Amino acid sequence: MTSATMSQTHDAAGAGAAHDGHDDHAYWSGGPMSWITTVDHKRIGVMYFVSAFVFFLVGGLEALLIRAQLGSPENTVLSADLYNQLFTMHGTTMVFLALMPLSAAFFNFIIPLQIGARDVAFPRLNAFSFWVFLFGGLLLNASFLFGGAPDAGWFGYANLTSTQYSTGMRVDFWVFGLQVLGVSSIAASLNFIVTIINLRAPGLKFMRLPTFTWMTLITSFLLILAFPAITVGLVMLMFDRTFGTGFFNPAMGGDVLLWQHLFWIFGHPEVYILILPAFGIISEVIPTFSRKTLFGYPFIIYSGILIAFLGFGVWAHHMFAVGLGPIANSVFSAATMLIAIPTGVKIFNWIATMWGGKLRLDSPLLFAVGFVAMFIIGGLSGVMHSSPPTDLQQTDTYFVVAHFHYVLFGGSMFALFAGIYYWFPKVTGRLMSEALAKTHFWIMFIGFNLTFFPMHWLGMHGLPRRTFTYQAGLGFEAMNLMATVGSFILGGSMLIFVWNLLRSTRKGRVAGPNPWAAPTLEWSLPSPPPHYNYRTIPTIEHRDPLWREGGEALDPEATGAPEPVMPSPSLWPIGLAAAIVIGAVGGLTQSLPVVLAGGALIFVCVFGWAFQPLER
Amino acid sequence: MSQNAAMDHHYTSTGIPHRKLLMWTFIGSECMLFGSLITGYLVYRGRSLVGPYPIDLLNIPFITVTTFVLLMSSLAMVLALSAVQRGRKGQARLWLAATAILGLIFLGGQVYEFSHFVHEGLGLTRNMFSATFFLLTGTHGAHVAIGVVWLSSLLVQSFRGKLGPEKAEIVEVAGLYWHFVDVVWIVLFTVIYLLVEA
Amino acid sequence: MSEPTAHGHGEPHVSNRTYVLIAVVLAVITAVEVMVFYIEALSPLLVPILLTLSASKFLLVVGFFMHLKYDGPMLRGLFAGPLAVAAAIILGMMALFGVFTG
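Chains as they are written, first to last, in the numbering used here: chain A, 1 to 616; chain B, 1001 to 1198; chain C, 2001 to 2102.
FYI, nobody ran anything at the bench for these hints, they're computed from the structure.
Errors might be hidden in some of the hints.
[To be verified] Each pair of labels, with its calculated beta carbon distance range:
1. C:P2048 / B:K1089: 25 to 31 Å
2. C:P2048 / B:H1119: 33 to 39 Å
3. B:V1196 / C:Y2070: 34 to 40 Å
4. C:A2041 / A:T390: 34 to 40 Å
5. B:K1089 / C:G2072: 29 to 35 Å
6. B:V1065 / A:V565: 49 to 55 Å
[Stated by the list, open to error] No farther apart than 30 Å at their CA atoms in a straight line, the calculated lysine-lysine pairs in the BS3-like style are these:
7. C:K2069 / B:K1167
8. A:K507 / C:K2069
9. B:K1089 / B:K1167
10. B:K1089 / C:K2069
Note that the structure is a prediction, hence the values are computed from the model and not measured.
Using N, Cα and C, we set each Cβ at its ideal position, and we do this for glycine too.
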């Protein structure tokens, strides 16, 4: 592989002023107020990315503290109490505040560009989703300052969360924080479903949609259908804690298992919510860097739909150890094994796309290949869990920790990094340093495997998860130390990434519209795109429009059409988000006046919003 | 499909207006919300350790009347939409007001029912029936209340002369919400009241 | 796939007469439901009868008042899909909690 960099870069003839340092007309120009009131999907995407990445670093620091504690037996870096808070917040943060919003950052920035739209269907609702996410994340983390963070696990199993076993406000922060984040996710998903169905450029039929757009659509459906289950579970838990009902209290006729069911009816589709956007990114990157159309496009799409559909019928495989009985266990086991089929189909499609292609091993492809390899390992250990007898051996051991980190870090995070390196030029107009990117990849790859591969053995040897220490002489020392060293290498690789990100934003090489010679519509626009995206909405004739004859002629700036009128900035979205969080703060402090104040503010903001015209 | 059509703000790929598509998608999500709540109600049926039990309290003739009221509010709602579409302002106001008032009567019935239950010793925390019943019907009632506020704001808009036929879409969307709330009640009426465990 | 379908939105598809007729049918079905509830002889068949009657009311409101009968496959799918998932989860959970087996 020669370092085939951007030799195929399109001549930046049509690239306007935004490319040579004059950022006056770029979508990002304007003061802080213009960001607070923005309804531009590109700015919202950038804000999602920055906030989510900060939360990702916070979650990563929590992980490093956990690993520091586990580096040696009977260690005292962390108390048991702090350890419980950290593993709870690490899981909650990574799932709800890092991976999901990082995917949302891509949805926001890329989807309207990919489908030939000027913005999402509901720009203000989009801004609202972001602010609710940010405030919800801050609310959740504020718990550290007020008596300690949630400590009942990211799954919050009853009755760990009952007032009897969790005094104080820790679990209340978790309940209200997640409830607020649910509002954000549902609002955003409704928006993206309508956007993708309704704002496709003329000729962009469903079976011509880019795979990333397809996976976003499927993910959005999963979100709107999965989140209500945990919403109901959280309301029941809130009732139990605040009013003293007995939904999860066996002494009152309740059942702790109802929580587990509701949580995993949400939680299993949630796993696919975290991985399907990654599948989408990979399905964009691999064809571009193989110079070959995606192999078996319809199979990739239908597999995604099938995975999502089956995802609602397998939740109890997280609960085999509960003892649901042989019939239930067999049904959920069989359904789980079925999911391996569409997932395997996708992996074969990616490999077949690369097969015989002219591979250019630039950083996005490097991360994509890393994803495929790591995800196969995570997928294989996952399908082992689908067999109840095997699962019983692995439940609550480090084997499970190894498995889901191979899926969520080796899978989702590798893919998200592939996406970052791939779309960074479109977002900023500049390329990231390839040398630093490759260094980042190899250090991260080594650190990741050093951290998580030994956990398979640790789990098989019986090291339980969620336990703050272990005794010496049980044979856990060496591999725990290895994992701890690996985790710090992994953490170090993030410094290289952050340095590359910050440096390239200012000093990266100017990218031009299509530095990777990619096939999808977003690359027909200047980098960065103007705030209205498309002056003239293009007509789409093919699945890979830029790889077809006439693809170059898509340049929308050349038509001389007037600059489109875009939605005006608005303060109501951030206002409504703040009002909701005020209501949540009232709920978790059990202060009726604050709840009522939040309610009144919500009322004011909804009407202020409804009567403010979109374009002024 | 010309590019000019694409420039038009009302252009959508499917021909379905954005807001209508949004409402149907939201209704899909609401199916799962009420589905989860109904699940909670049904799996805890007959698990109350102490009384009063549903059979002691549920007043079928009373709830039949409020159910009828809510069904008729759906009729008023479609008639309101039809009037707005045809530009009949007077009729539109009449039917919008009727929908909201019928919704309020239903809510009044629910308030009466709840306070009667509490008076009979069924506080929220009394048993599994009270917890699941108040959560499920309370969530439904909150939806009705939001619908009443929404319809009232449409009524105000109508009196301000801002609800002509060109605004029929927002009435249609409000109507979809209202009918869905009615549909949920059709299910709850059967599941909670008529199929009460003996 | 479902590409642009004709949606003459803003055009009332259904006459007010039909709406009133549907409402009368809904009221009658509700009356029948309550009668079935009180007839002792029907109690073994109470569940299937009531579920059928309830489902028919459900379909009437969704089909006519919510216009789904006249809308394209897109909106029908958007409603029917989630409804099916919700129904399956309710039934699955009832089975898991032994509601059917006692």
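Notebook entry, point to check: Straight-line Cα separation of C:K2069 and B:K1167 no greater than 30 Å?
Noted result: With a Cα-Cα distance of about 23 Å, the restraint between C:K2069 and B:K1167 holds, given a limit of 30 Å.
| query | Given the hinted pair B:K1089 and C:K2069, is their alpha-carbon gap at most 30 Å? | reply | Holds, at about 27 Å.
Mind checking the hinted window 29 to 35 Å against the Cβ distance between B:K1089 and C:G2072? 31 Å, holds
Worksheet entry | Verdict for B:V1196, C:Y2070 (Cβ pair) under range 34 to 40 Å | 36 Å, holds
Check: Taking 34 to 40 Å as the hint, is the beta-carbon distance of C:A2041 and A:T390 inside that range?
Finding: 54 Å, violated
Is B:K1089 within 30 Å of B:K1167, Cα to Cα? 12 Å, holds
That 49 to 55 Å hint for B:V1065 and A:V565 (C-beta), does it hold up? 52 Å Cβ-Cβ, so the 49 to 55 Å window holds.
Satisfaction of the hinted span 25 to 31 Å by the C-beta atoms belonging to C:P2048 and B:K1089: 47 Å, violated
| said: Holds or violated: the 33 to 39 Å window for the beta-carbon distance between C:P2048 and B:H1119? | reply: Holds: the Cβ-Cβ distance is about 36 Å, inside 33 to 39 Å.
query = If you draw a straight line from the CA of A:K507 to the CA of C:K2069, is it 30 Å or shorter?
reply = At roughly 59 Å apart (the allowed maximum being 30 Å), C:K2069 and A:K507 break the hint.
In terms of the numbered hints stated before, the structure departs from hints 1, 4 and 8, listed from lowest to highest.
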